[in-house]
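Colleague: This is what each chain is made of:
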Amino acid sequence: MCAAPKQGQKLPAGVDVEKETVLTGQVTDGSGNPVAGAFVRLLDSTGEFTAEVVASPTGDFRFFAAPGTWTLRALSSVGNGDVKISPEGPGIHEKDIVVSK
Amino acid sequence: MARSDVLVSADWAEQNLNADKTVFIEVDEDTSAYDAGHIPGAIKLDWKKDLQDGVRRDFVDAERFSKLLSERGVANDDTVILYGGNNNWFAAYAYWYFKLYGHKDVKLIDGGRKKWELDGRPLSSETVTRPATDYKASEPDLSIRAFRDEVIDSIGKKNLVDVRSPDEFSGKILAPAHLPQEQAQQRGHIPGAINIPWSTTANEDGTFKSDEELEALYKEKGFDDSRETIAYCRIGERSSHTWFVLTELLGKKGVKNYDGSWVEYGSLVGAPIEL
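Chains as they are written, first to last, in the UniProt record's numbering: chain D, 1 to 101; chain V, 1 to 275.
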């Protein structure tokens with residue numbers, strides 16, 4: 001879960017991963033191709049919207065959250081998908097999302 | 001006020017890209033999306049570079065706003081159609097800003113850039129220039145803008161609608177989760193504020209919920225129709241989205257946007273805060 005960030009997911013300067021709970025991953029379609037520009041939504045443990053980002057040209061996304069249980073949900077013109085992630089503390093937590101129609 | 005006076009569908013927008021006296025404007029905090037591809041014929045406004053003073057934390061004044069729109073080729077009698085990323089947050093902010101400076105005919109594209117992209121509609125990376133105009137902004141209409149002292153005086157008297165996410169409201173996090181969380185402000189919310197996240201007013205694709213759903217939402221959360229209202233968030237863009245819902249879609253009276261929002265309020269020495 002706590003793998004090093006991928007290329008294209010470089011953290012902004014000054015971000016302290018000892019303090020920040022970073023959620024990151026890649027959006028792919030059923031064949032494993034990255035989905036550029038997917039809209040990735042972070043929902044809290046009650047399913048309430050917390051934030052949304054646009055995936056990079058390589059399908060990568062990143063959030064700064066907090067320990068707890070979250071849902072990562074991706075929307076795109078080639079389909080939607082979601083996955084749960086439960087970081088227990090600060091650091092980089094990685095989870096990919098597969099979308100389909 | 002009918003929905004059709006203030007909101008257009010992506011379909012309508014696509015069919016009216018070349019309509020006379022109609023200017024499409026993409027508004028964002030990060031305009032790199034516009035540069036990579038935008039609605040054909042749309043010009044851009046940069047929320048920070050174009051619409052903020054740059055030295056003081058404030059708007060550009062009426063004179064600078066007039067100069068900006070004149071250079072970009074927007075006329076006073078044009079219909080301005082706004083859209084943007086982030087579920088139209090900054091487009092809604094620009095809507096409120098255009099209204100503050102007295103522009104008559106402004107509309108939002110329902111769902112903004114997200115809906116447009118999810119529908120697979122065309123984007124263009126061509127540079128767009130329009131002939132210059134002689135735009136004249138009115139003096140700012142402060143009946144729709146709240147300032148800090150008024151916000152503190154309104155505790156217990158007006159509806160204070162905190163439109164941030166529940167975790168920002170409770171103080172668990174300090175900023176939307178796409179931003180780093182180490183910020184200078186105190187955590188929490190204005191005492192007595194009700195938390196009606198902007199996101200609960202929108203569908204997943206960024207379009208607004210129906211008037212019936214919106215009325216039911218505010219009623220359920222304890223919004224008091226007999227009181228005036230101040231909406232706030234972190235920097236005033238999400239609360240513009242809610243100002244739009246309350247004023248333009250639901251026709252509520254006496255609604256102001258507090259654009260100083262939590263970045264200002266959470267830094268005020270001695271201001272009351274509830275956790």
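These are computed hints drawn from the structure, not numbers from a lab. Treat the hints with care, as some may be off.
Pulled from the structure, derived: some chain V residues nowhere near chain D, Cβ distances all over 10 Å [unchecked claim]:
1. ASN86
2. THR127
3. ILE173
4. HIS178
5. SER199
Some, not all, of what chain V presents toward chain D, calculated at C-beta under 10 Å [what the hints assert, rightly or not]:
6. GLY54
7. ARG56
8. ALA177
9. PRO197
10. VAL269
Keeping only pairs whose Cα atoms sit at most 25 Å apart, straight-line, the calculated SDA-like set for lysine to any residue is [claimed, not checked]:
11. D:LYS84 / V:HIS178
12. V:LYS44 / V:PHE59
13. D:LYS84 / V:LYS253
14. D:LYS84 / V:LYS44
15. V:LYS209 / D:ASP82
16. V:LYS253 / V:LYS44
Think of the CB as a built atom: it goes at the ideal place given N, C-alpha and C, for glycine as much as any other residue.
Colleague: For THR127 of chain V, is the shortest beta carbon distance to chain D beyond 10 Å?
Modeller: holds, 21 Å
Colleague: Quickly compare the C-alpha distance for LYS209 of chain V and ASP82 of chain D to 25 Å and report which way the hint goes.
Modeller: holds, 22 Å
Colleague: Compare the distance between the alpha carbons of LYS84 of chain D and LYS44 of chain V with 25 Å, and conclude whether the hinted pair is satisfied.
Modeller: Given pair LYS84 of chain D, LYS44 of chain V is violated - Cα atoms ~36 Å apart, limit 25 Å.
Colleague: ASN86 of chain V: least C-beta distance to chain D exceeds 10 Å?
Modeller: violated, 7 Å
Colleague: So is SER199 of chain V really clear of chain D, every C-beta pair being over 10 Å apart?
Modeller: violated, 4 Å
Colleague: Does GLY54 of chain V pass the interface check with chain D, least Cβ-Cβ distance below 10 Å?
Modeller: Cβ of GLY54 of chain V sits 22 Å from chain D, so the hint is violated.
Colleague: Does the alpha-carbon distance linking LYS44 of chain V and PHE59 of chain V stay inside the 25 Å limit?
Modeller: Given pair LYS44 of chain V, PHE59 of chain V holds - Cα atoms ~17 Å apart, limit 25 Å.
Colleague: Run the distance test for LYS84 of chain D versus HIS178 of chain V: straight-line Cα separation, threshold 25 Å.
Modeller: holds, 17 Å
Colleague: Classify the hint on ALA177 of chain V as holds or violated, based on whether any CB of chain D lies nearer than 10 Å to its CB.
Modeller: Result: holds, 4 Å to nearest chain D Cβ.
Colleague: Taking the least C-beta to C-beta distance, is VAL269 of chain V closer than 10 Å to chain D?
Modeller: violated, 25 Å
Colleague: Straight-line Cα separation of LYS84 of chain D and LYS253 of chain V no greater than 25 Å?
Modeller: violated, 41 Å
Colleague: Measuring from the C-beta of ARG56 of chain V to each C-beta in chain D, is the shortest one below 10 Å?
Modeller: Check failed: Cβ of ARG56 of chain V comes no nearer than 25 Å to chain D, outside 10 Å.
Checked against the numbered hints above, the structure breaks hints 1, 3, 4, 5, 6, 7, 10, 13, 14 and 16 and satisfies the rest.
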